[in-house]
Amino acid sequence: MATVTIGLMDPPYESANTVTGFRIIDAALRKGHHVNVFLYEGAVALGFAEQKPHANPVKGKSVEEFDHPNPKDWVHALFELAATRGVELDWVNCGLCVDERGVDKQVEGARRGSPADFWKLAEAADGLLFIPTR
Amino acid sequence: MARYLSVVEEPYRATVEEQDDTAVWFTHALRNAGAEVTLLLCGDAVNYAVPGQDARGLRFGAREVRTAPEIDRDVIALIGRGAAVYVVAEDLVERGLPEGGLIPEVQRVSRGDLARLFADHDRVLHW
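Those sequence lines, one after another, are chains A and B.
Using the numbering used here, the first residue of the first sequence is number 13, and each one after it goes up by one.
Using the numbering used here, the first residue of the second sequence is number 642, and each one after it goes up by one.
By construction, these hints were calculated from the structure, which means they are not laboratory data.
Here a beta-carbon is modelled for each residue, glycine too, at the ideal position from N, C-alpha and C.
Hints are all accurate, no fakes.
Covered by chain B, per the in silico footprint, the following chain A stretches (three or more residues, Cβ under 8 Å):
#1 61-72
#2 84-93
To list a few chain B residues with every Cβ distance to chain A over 10 Å, as calculated:
#3 I717
#4 G723
#5 L758
#6 R764
#7 V765
To give a feel for the contact side, a few chain A residues facing chain B, derived at Cβ under 7 Å:
#8 E26
#9 V31
#10 P81
Looking at chain A on its own, in the form it has when it is part of the complex (with noise of 0.2 Å):
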């Protein structure tokens, strides 16, 4: 069992990181390896518990139709997961990133730090992988 800390950066919606990042999150965690997320700029509001999802006129469906994901959910179901196999996962966000896009209201798990927190999560890790912004 080793532990991996893995840092993103792009915001909800926006890129194709994000669901990179989300199956690597899950492939560790299913292999039974401890996780830990640093959630920095933009990527801060992928925990923002009143994300909605929506319907789609374009495609004529319903909200119940489309079945919008909304990565809050996908958070919460890597914690059920990280639950169920009995490994840590630790979601951190970038405070200062929470308070300037006023995504304060996050999924349960999900707590509040900083860089430093990044650092002292890096140093404990067996592997580090940062997605950034491109």
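Once you've looked at the hints, dock chain B against the given chain A.
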């Protein structure tokens, strides 16, 4: 009424989250509102003209992505609404995409003819 050319060059930007390509979706929404639109796929976006793409099967924890993006079908739907869709022929060749493997209604345009295509439109949206 102005004619709009929507140029998509950066594909698969957040398609799993959005369940759409946002530029193709926006172009379709303009068309539904009554605008006269043309879609031009260039660069890596030419892959949107390849039928049979399947993005199903993704899940995070127990949360399955139940409505996967179907960009090829979205392109077909846009054509069905009366919009012309072009791909840059040289971009297909550079990516090894076969001539016969595209959505049949998609039209090819060479790089040498792009200026004429642009000139045929009044407004250009470059995504």
